[in-house]
Amino acid sequence: MRENLHRFFRAARGVGVHVSPAESIDAMRAVAQVGVSDRTILRDTLLLTLAKSQDEKLALGDCFDLFFSQPEPREDQPQSDNDDASQDADQQANQSPSSGSDSDAGEGQAPEGLGPLAQMLLSQDRNAIAAAIASASGAASLTDIRYSTQRGIFSSRILDAMGLQRLRDELDELTATNPALAERLRGALDALREAVRDTVAQGLALYAREEAENLRNEILRNAPLARIERRQVAEMRALIRQIARRLRERYSKPRKRQRRGHLDVRRTLRRNAAWGGVPFLTAWKRKHRDRPKIVAICDVSGSVAQVSDFFLLLIHSLHEVVDDVHSFAFSSHLIEVSDILEKKSPEEAMAEIMSKVGFGSSDYGSSLVDFEKEFMSTLTPQTTVIVLGDARSNNLDPRADILRRISERSKRLVWLNPEGRLAWGFGDSEMPRYATFCSVVRQCATAQQLERAVSDIVATYQ
Amino acid sequence: MAEQKPSTAIEAVESGLAAQGYIASRQIATAVYLSQQIEKPILVEGPAGVGKTELAKAIAAWRGMKMIRLQCYEGLDEAKALYEWKYAKQLLYTQILKDKLGEVLGGAQTLHDALNQLHDFGDVFFSKEFVEPRPLLQALEQPGGCVLLIDEIDKSDAEFESLLLEILSDFQVTIPELGTVSAITPPTVILTSNSERDLGDALKRRCLHLHIGFPEQRLEERIVESRVPGISQTLRRQMVGFIHEIRSLDLKKLPSVSETIDWARVLVLLQATELDTEIVKDTLNVLLKYEADIEAAAPHVTTFIAKAARSNVFG
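These protein sequence lines are chains A and B, in that order.
1 is the number of the first residue of the first sequence in my numbering; add one for each residue after it.
1 is the number of the first residue of the second sequence in my numbering; add one for each residue after it.
Hints are computed from structural coordinates only; laboratory data are not their basis.
Just so it is clear, CB atoms sit at the ideal spot from N, CA and C, and this is done for glycine as well.
Be aware that one or more of the hints could be misleading.
Some, not all, of what chain A presents toward chain B, calculated at C-beta under 8 Å [said to hold, decoys possible]:
id : residue
1  : 22
2  : 30
3  : 36
4  : 48
5  : 52
6  : 54
7  : 207
8  : 249
9  : 250
10 : 276
11 : 338
12 : 342
DSBU-like mimics (lysine-lysine), calculated; alpha carbons at most 30 Å apart, straight line [what the hints assert, rightly or not]:
id : chain 1 : residue 1 : chain 2 : residue 2
13 : B       : 252       : B       : 281
14 : B       : 100       : A       : 343
15 : B       : 289       : B       : 307
16 : A       : 285       : B       : 100
17 : A       : 344       : B       : 252
18 : B       : 5         : A       : 57
19 : B       : 5         : A       : 344
20 : B       : 80        : A       : 285
21 : B       : 57        : B       : 5
22 : B       : 252       : A       : 57
23 : A       : 344       : B       : 89
24 : B       : 155       : A       : 57
25 : B       : 155       : A       : 344
26 : B       : 89        : B       : 66
27 : A       : 285       : B       : 5
28 : B       : 155       : B       : 86
29 : B       : 89        : A       : 285
30 : B       : 89        : A       : 343
31 : B       : 57        : A       : 343
32 : B       : 100       : B       : 128
33 : B       : 252       : A       : 343
34 : A       : 57        : B       : 253
35 : B       : 98        : B       : 66
36 : A       : 57        : B       : 57
37 : B       : 253       : A       : 285
Chain B residues, not near chain A, derived (Cβ > 10 Å throughout) [what the hints assert, rightly or not]:
id : residue
38 : 33
39 : 48
40 : 142
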């Protein structure tokens with residue numbers, strides 16, 4: 001059972017439940033208390049000790065069902081065949097080629113001199129077969145299976161471990177000497193192959209998910225946001241939400257924190273003046289910490305739109321960390337989009353923003369003019385301004401002077417450019433002119449870069 | 001006890017809680033049983049009003065133990081949760097003992113001697129007499145054990161969570177001036193959370209995680225039965241069926257078990273025998289706590305009542 005539980009922990013990690021060694025020890029202790037005889041109690045126990053959120057409980061419940069249902073089909077198939085057949089088996093037994101003929105093999109017809117696998121197959125001892133498959137999959141280290149393409153090799157490894165080679169030789173021999181028995185053995189072998197294939201498929205479902213998911217996420221994190229395919233957009237959104245959660249956990253600390261132990265002498269004296277300076281009431285030093293205020297100005301024209309989309313999604317999922325966010329979108333002119341993003345689902349919001357300001361050729365100059373005219377008052381000395389765009393202004397006046405004023409009024413001005421550094425300044429890119437007024441300029445084309453950029457911005461407030 | 005079969009022990013927990021008027025699902029009973037066996041706190045999550053706090057009360061009443069409750073809020077710190085020095089008392093004592101101090105120190109010739117003498121009894125003022133125990137310390141000092149309810153842990157700050165870790169895993173706290181205080185009898189700890197923020201992994205790791213959702217129809221009927229004995233069976237079925245229909249709507253706040261019980265009481269008070277549109281519309285504000293929700297639910301009332309009545313016939 002111990003072995004089984006360890007395998008189950010691995011499978012649980014595969015479905016995304018974090019099982020640390022300490023938790024597995026707790027689970028072991030709990031299982032030792034309740035025993036394994038009652039499956040529903042066992043399920044509840046594992047769910048209680050391992051899963052730490054409702055999502056994890058669901059995932060783990062499914063995993064449990066898959067994991068512990070595993071032996072059943074394997075045992076049942078031969079059994080049901082066996083039962084059906086045994087009713088009318090007597091004469092037919094020898095002529096029907098497959099499972100039906102196995103039925104009366106149990107009566108001890110298996111000839112001497114055959115290998116253990118053949119004996120086992122002929123005697124139809126399903127428990128023994130199940131156990132043999134289990135131990136063979138252990139020997140073939142089925143838990144290491146990672147990709148669906150490995151199914152073949154693991155099946156044959158398991159079969160080899162069970163002694164397939166010997167069985168083949170014996171089959172060859174028997175075909176000559178005892179064709180009926182050979183036929184029966186062949187049928188049983190087919191059934192065995194099927195059972196092993198099922199085992200491997202289940203193993204794949206249980207153990208490979210973690211690795212496959214990691215691989216996919218890794219690829220996704222480093223894929224250029226502007227060029228991801230339509231079907232990946234949903235996955236990308238999920239990934240962005242994950243990133244947002246991570247950032248939230250890292251940075252959502254309270255703003256004020258009392259520093260006990262550091263006496264604020266001035267305030268203490270003042271407060272206790274009434275008692276002749278005997279400090280009945282003490283005042284301790286406090287440290288204030290600002291939460292970030294962010295103004296995001298995003299280009300939503302053509303190629304940059306997708307990146308802006310994910311960026312806005314990320315920024316607006318950071319409620320707990322960021323005090324307030326004002327978002328603006330522009331291509332040829334600029335509007336505020338904070339409300340749209342707050343109220344609607346990401347898909348709808350983006351569609352609405354695009355219908356309002358998208359699909360134009362970008363004009364940074366006039367958009368900055370719009371910003372200065374209407375929204376300059378949103379900037380305070382605590383604000384971080386983030387501009388996301390490729391700075392390609394179609395050879396129109398870039399109005400870098402406005403950007404200078406923005407940078408003077410704010411704490412920091414960060415420019416995120418989806419294009420690579422190499423392309424800056426070539427063609428109609430105004431990046432070098434804008435860059436002089438920015439505190440930070442960085443490339444931001446993949447989810448990973450996006451995470452780093454936002455993380456750095458938030459970290460400056462800690 | 002140890003020889004008892006787990007399944008029977010879990011049933012015993014279930015019936016024990018039921019005797020206190022708390023109808024527990026099997027999951028809950030298993031959690032309570034396990035927390036007792038492997039001495040781990042239970043972290044209970046779920047929407048508001050499904051009986052998270054009630055569970056702690058029921059356990060305390062069932063085991064006949066004292067319940068100590070710590071309500072969490074933003075800004076809660078160790079001075080309010082764990083212990084505090086009785087600063088005013090310390091000050092008062094030093095003032096009163098001034099003369100005595102003079103006597104004691106009178107023999108000292110030099111400042112150095114006086115200091116040395118002071119060192120000898122300086123710790124007097126940082127002894128147990130001057131510690132004001134707050135809920136967490138109180139819980140550890142109960143000789144007969146107790147149920148410690150740490151309510152709405154998600155409302156407290158992340159720092160406070162870290163403070164709890166020592167108590168939760170080892171049932172002890174360290175007071176720098178006094179040393180480590182261990183629990184006389186490990187208390188049964190219940191933490192509740194409304195998932196307003198994600199709790200840290202370190203805290204979650206130390207607890208059994210129990211999620212109480214809305215109960216299924218049968219269970220909810222039993223809960224109503226135990227809490228509002230005066231209600232007739234037909235009405236009970238109908239109203240619980242109705243509430244289950246309401247929960248399928250998209251509402252700001254879904255009615256939870258506490259609302260069901262309140263509503264049942266109201267219906268009994270109004271001497272209703274079965275649900276009809278009139279009475280439901282009049283009392284909908286007991287179930288739903290937002291004007292927008294009431295407006296959203298109002299058009300469905302008639303169909304839901306019909307559905308609840310029909311399921312009653314077949315169920």
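Quick rundown of the hints versus the structure:
no.: 1; hint: 22; in the structure: holds (6 Å)
no.: 2; hint: 30; in the structure: holds (5 Å)
no.: 3; hint: 36; in the structure: violated (10 Å)
no.: 4; hint: 48; in the structure: holds (5 Å)
no.: 5; hint: 52; in the structure: holds (4 Å)
no.: 6; hint: 54; in the structure: holds (5 Å)
no.: 7; hint: 207; in the structure: violated (23 Å)
no.: 8; hint: 249; in the structure: holds (6 Å)
no.: 9; hint: 250; in the structure: violated (11 Å)
no.: 10; hint: 276; in the structure: violated (12 Å)
no.: 11; hint: 338; in the structure: violated (22 Å)
no.: 12; hint: 342; in the structure: violated (16 Å)
no.: 13; hint: 252(B) - 281(B); in the structure: holds (18 Å)
no.: 14; hint: 100(B) - 343(A); in the structure: violated (70 Å)
no.: 15; hint: 289(B) - 307(B); in the structure: holds (23 Å)
no.: 16; hint: 285(A) - 100(B); in the structure: violated (34 Å)
no.: 17; hint: 344(A) - 252(B); in the structure: holds (16 Å)
no.: 18; hint: 5(B) - 57(A); in the structure: holds (26 Å)
no.: 19; hint: 5(B) - 344(A); in the structure: violated (53 Å)
no.: 20; hint: 80(B) - 285(A); in the structure: holds (18 Å)
no.: 21; hint: 57(B) - 5(B); in the structure: holds (26 Å)
no.: 22; hint: 252(B) - 57(A); in the structure: holds (24 Å)
no.: 23; hint: 344(A) - 89(B); in the structure: violated (58 Å)
no.: 24; hint: 155(B) - 57(A); in the structure: holds (23 Å)
no.: 25; hint: 155(B) - 344(A); in the structure: holds (27 Å)
no.: 26; hint: 89(B) - 66(B); in the structure: holds (28 Å)
no.: 27; hint: 285(A) - 5(B); in the structure: violated (57 Å)
no.: 28; hint: 155(B) - 86(B); in the structure: holds (27 Å)
no.: 29; hint: 89(B) - 285(A); in the structure: holds (23 Å)
no.: 30; hint: 89(B) - 343(A); in the structure: violated (55 Å)
no.: 31; hint: 57(B) - 343(A); in the structure: violated (40 Å)
no.: 32; hint: 100(B) - 128(B); in the structure: holds (21 Å)
no.: 33; hint: 252(B) - 343(A); in the structure: holds (14 Å)
no.: 34; hint: 57(A) - 253(B); in the structure: holds (23 Å)
no.: 35; hint: 98(B) - 66(B); in the structure: violated (41 Å)
no.: 36; hint: 57(A) - 57(B); in the structure: holds (26 Å)
no.: 37; hint: 253(B) - 285(A); in the structure: violated (41 Å)
no.: 38; hint: 33; in the structure: violated (8 Å)
no.: 39; hint: 48; in the structure: holds (15 Å)
no.: 40; hint: 142; in the structure: holds (25 Å)
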